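Q: So the chains spell out like this:
There are 2 protein chains.
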Amino acid sequence: MKTGRVYTLQFISIRRQSTVPTSHKGELTMLYLLSFVLLACAGVQANTPFIVSSVDNEIPPPPPVDKAAQYARYIVRNSDWCSLSHVSHQNDVTKGYPMSRVFSFSDGPLSNSTGVPYLYTTFMDRGTRDLKTDVRSTITISLDQGTFCDDRKLDAEDPRCSQVILTGDFEFLEKGSDEWVWGQNALFVKHPAMKTWPESHNWIVGKLNIKFIELVDNVGGSKYPTVQEYFKASSEHPSAYLNKIPLTV
Amino acid sequence: MKTGRVYTLQFISIRRQSTVPTSHKGELTMLYLLSFVLLACAGVQANTPFIVSSVDNEIPPPPPVDKAAQYARYIVRNSDWCSLSHVSHQNDVTKGYPMSRVFSFSDGPLSNSTGVPYLYTTFMDRGTRDLKTDVRSTITISLDQGTFCDDRKLDAEDPRCSQVILTGDFEFLEKGSDEWVWGQNALFVKHPAMKTWPESHNWIVGKLNIKFIELVDNVGGSKYPTVQEYFKASSEHPSAYLNKIPLTV
Chain A
1 MKTGRVYTLQ FISIRRQSTV PTSHKGELTM LYLLSFVLLA CAGVQANTPF
51 IVSSVDNEIP PPPPVDKAAQ YARYIVRNSD WCSLSHVSHQ NDVTKGYPMS
101 RVFSFSDGPL SNSTGVPYLY TTFMDRGTRD LKTDVRSTIT ISLDQGTFCD
151 DRKLDAEDPR CSQVILTGDF EFLEKGSDEW VWGQNALFVK HPAMKTWPES
201 HNWIVGKLNI KFIELVDNVG GSKYPTVQEY FKASSEHPSA YLNKIPLTV
Chain B
1 MKTGRVYTLQ FISIRRQSTV PTSHKGELTM LYLLSFVLLA CAGVQANTPF
51 IVSSVDNEIP PPPPVDKAAQ YARYIVRNSD WCSLSHVSHQ NDVTKGYPMS
101 RVFSFSDGPL SNSTGVPYLY TTFMDRGTRD LKTDVRSTIT ISLDQGTFCD
151 DRKLDAEDPR CSQVILTGDF EFLEKGSDEW VWGQNALFVK HPAMKTWPES
201 HNWIVGKLNI KFIELVDNVG GSKYPTVQEY FKASSEHPSA YLNKIPLTV
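Protein chains in written order, with full-length UniProt numbering: chain A, 1 to 249; chain B, 1 to 249.
Derived from the structure by calculation, the hints contain no laboratory data. You can trust all of the hints, since none of them are fake.
Simulated pairs of lysine-lysine, DSSO-like, Cα-Cα distance not exceeding 30 Å:
| hint | chain 1 | residue 1 | chain 2 | residue 2 |
| --- | --- | --- | --- | --- |
| 1 | A | Lys-153 | B | Lys-153 |
| 2 | A | Lys-95 | B | Lys-223 |
| 3 | B | Lys-132 | A | Lys-223 |
| 4 | A | Lys-211 | B | Lys-95 |
| 5 | B | Lys-153 | A | Lys-195 |
| 6 | A | Lys-153 | A | Lys-67 |
| 7 | A | Lys-95 | B | Lys-95 |
| 8 | B | Lys-211 | B | Lys-132 |
| 9 | A | Lys-67 | B | Lys-95 |
| 10 | B | Lys-132 | A | Lys-211 |
| 11 | A | Lys-95 | B | Lys-132 |
| 12 | A | Lys-95 | B | Lys-211 |
| 13 | B | Lys-223 | B | Lys-153 |
| 14 | B | Lys-232 | A | Lys-95 |
| 15 | B | Lys-95 | A | Lys-223 |
| 16 | A | Lys-153 | A | Lys-223 |
| 17 | B | Lys-132 | B | Lys-95 |
| 18 | A | Lys-132 | B | Lys-95 |
| 19 | B | Lys-195 | A | Lys-223 |
| 20 | A | Lys-153 | B | Lys-195 |
| 21 | A | Lys-195 | B | Lys-223 |
| 22 | A | Lys-232 | B | Lys-95 |
| 23 | B | Lys-232 | B | Lys-211 |
| 24 | A | Lys-132 | B | Lys-223 |
| 25 | A | Lys-132 | B | Lys-211 |
Reference excerpt, derived from the structure (chain B facing chain A, CB under 10 Å, subset only):
| hint | residue |
| --- | --- |
| 26 | Ser-88 |
| 27 | Asn-91 |
| 28 | Val-93 |
| 29 | Arg-101 |
| 30 | Val-102 |
| 31 | Ser-137 |
| 32 | Thr-138 |
| 33 | Ile-139 |
| 34 | Cys-149 |
| 35 | Ala-156 |
| 36 | Glu-157 |
| 37 | Ser-222 |
All figures in this text were calculated on a predicted structure; none of them were measured in a lab. Just so you know, even glycine gets a beta-carbon here, dropped at the ideal spot from N, CA and C.
The task is simple: from the sequences and hints, build the whole structure.
A: See the structure below:
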């Protein structure tokens, strides 16, 4: 989701001859403006539809490509959706096949990025039911989801158009537990629209317990930071790089 | 890859006192302008780096959501990258796990969209070597890769932020065969940068032989058009919808 763009309110020009007396045009203009302000306030209060994700499309410059663990954290922190792979148990045609679906995720507010990807899902989804049967899973995130690769004029498959591949076991959290509450808050902060999703779907907070990390951030082959390195990298927060590394093409 | 955006050439203002005599400033400006024009021409000739993908970020309006097969074709036609899921055979930690990596793809030029996703890959990639061992695979494409979901203010996980999930068997094409040549051309048309990728990588053209299709394009659950319906939908070309269905929020 790319929400960094600025939405401008466009007034549609009415070409037909106006029948409103000139003396009342000022009042009507004020009414129009007031209605837009009220609409905007309502949108902000409900956190939707004016804000659907708080992750900006224009992310800070990345850490150096040789800092693999930090680079992996950078991608996770500054992205808000992923493809989640799992093993299908849905029908005879796909049974045992790897399948993948796009989900929104959050590893915490931007100010407290943990590296643990939390997801908001429902057992109404077949893929999620598959994960109940078989927890083996992978989360894949590409910086081409935002403007990073466009800004550098990189094809999605170009290894410099960075991507991270997190493989592990999916865990459905216990409803109401401290971690559930934390994960749900982490999701709501980055995806305010989720607060409005229908309760009847019985939303579940889940997370990926990462076992293996592949990072593609440069030519010369993938890198494989350890899980320990990945989580340790949080001590030097990726936002520390902000404005330190110039964006180069 | 979002290449619909307009790249503007920004002149960097030089704050230091200029030492160039005023009389020569006009000539220098001309030289600067000429060099930009020459650079742009070179870029266009090589199809890179000024064009890395010919798929526009601003795609035509979609077909109606109840036309599942046509909608699936619409996503495939108007997208240029995907996540490709496969089964890992890389190491003891991930063996048997579903893994996924982002690849560029093409199902043909926009004027001849076939629905068959072709990929350009190399056995230098571990994931591609996995596919040699086990061809079971899934391609997942979300319209959040472009501006579709932003334009409608939809979160990536919102079912109206459409995605298609194509499951099947991956096939590496015979080098130099008619289909290899066709697939390579389909890729080069949408990804001109690929022509410049290092030959030493021994690039392979592959495709997904689709067995099962899941489409998410609206609330109310996934749709499952048959493979036959999917390929038949090509007879009514998705571009036929251009300008027929208004973009609504």
